[in-house]
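So in our numbering, spot 59 of the sequence shown is number 59, and the numbers just go up one at a time.
Mixed in with the good hints there might be a few duds.
As the list claims (entries may be wrong) - Restraint-style ranges between C-beta atoms, simulated for each label pair:
no., residue 1, residue 2, range
1, SER89, ARG114, 34 to 40 angstroms
2, GLY86, VAL118, 18 to 24 angstroms
3, SER89, LYS12, 44 to 50 angstroms
4, GLN74, GLN143, 41 to 47 angstroms
5, VAL97, GLY128, 20 to 26 angstroms
6, SER89, ASP129, 37 to 43 angstroms
7, GLN74, ASP96, 31 to 37 angstroms
8, THR39, ALA106, 34 to 40 angstroms
9, ASP96, ARG54, 34 to 40 angstroms
10, ASP107, LYS12, 23 to 29 angstroms
11, PRO117, VAL144, 25 to 31 angstroms
12, ARG54, VAL144, 42 to 48 angstroms
It is worth saying that the hints were derived from the structure and are not from the lab. Glycine included, each C-beta is placed from N, C-alpha and C at the ideal position.
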Amino acid sequence: MFATGSLGGPDKAIGFVLWRVLHRYIREADRALADFNLTHLQFQTLALAAWLGRSGEPVTQAQLARAGDVAPMQVSHMMKALEGKGWISRPRSSSDVRAKNVEITADGLAVLRRALPVMIELQQQMFGDDGVPGGSLLTALLQVES
1 MFATGSLGGP DKAIGFVLWR VLHRYIREAD RALADFNLTH LQFQTLALAA WLGRSGEPVT
61 QAQLARAGDV APMQVSHMMK ALEGKGWISR PRSSSDVRAK NVEITADGLA VLRRALPVMI
121 ELQQQMFGDD GVPGGSLLTA LLQVES
């Protein structure tokens, strides 16, 4: 089986290496964010909500799910956790009664302001200049994503 259909071992398979790197990154992020009572997924969701809402326009859970390429139910569970911590509120949309907007509270913004530099530092430690905007790793990953 491996004689003709192999890349020569797991270390030579990009999918396997990406899988390991992703899991290591998430473990390191969870460790770094523990002081803020945040998980990696909670941080990513909170940061994405802040980014999408930066213009002041309402952001819905459905928009968050699409932007993060995450199942709507997973976003809903994450929103419940963040709401329970007092970091977001979820009022009903005035334009669509089925939709819930996501509003970051003052406490949510405060924790995000403290956690963001920690995550930037973690990315710098793990990926160096290759992971910054314009860096070779980020550029290659963005090409794959598009």
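Each hint tested on the structure:
A beta carbon spacing of about 20 angstroms between SER89 and ARG114 contradicts the range 34 to 40 angstroms that was offered as a hint. Against the hinted window of 18 to 24 angstroms, the Cβ-Cβ separation of GLY86 and VAL118 comes to about 20 angstroms, which satisfies the hint. The given range of 44 to 50 angstroms is respected by SER89 and LYS12, whose C-beta atoms sit roughly 48 angstroms from each other. Here the CB-CB span from GLN74 to GLN143 is close to 26 angstroms, at odds with the stated 41 to 47 angstroms.
For the pair VAL97 and GLY128, the supplied restraint of 20 to 26 angstroms is violated, since their beta-carbon distance comes to about 48 angstroms. Checked against the hint of 37 to 43 angstroms, the pair SER89 and ASP129 passes, with Cβ atoms roughly 39 angstroms apart. Distance hint check for GLN74 and ASP96: the Cβ-Cβ separation is about 21 angstroms, which falls outside the suggested range of 31 to 37 angstroms. The given range of 34 to 40 angstroms is broken by THR39 and ALA106, whose C-beta atoms sit roughly 21 angstroms from each other.
A beta carbon spacing of about 21 angstroms between ASP96 and ARG54 contradicts the range 34 to 40 angstroms that was offered as a hint. For ASP107 paired with LYS12, a C-beta distance near 47 angstroms fails the hint of 23 to 29 angstroms. Taking 25 to 31 angstroms as the suggested C-beta distance range, the pair PRO117 and VAL144 conforms, at roughly 28 angstroms. Restraint check, ARG54 to VAL144: a C-beta distance of roughly 26 angstroms breaks the suggested window 42 to 48 angstroms.
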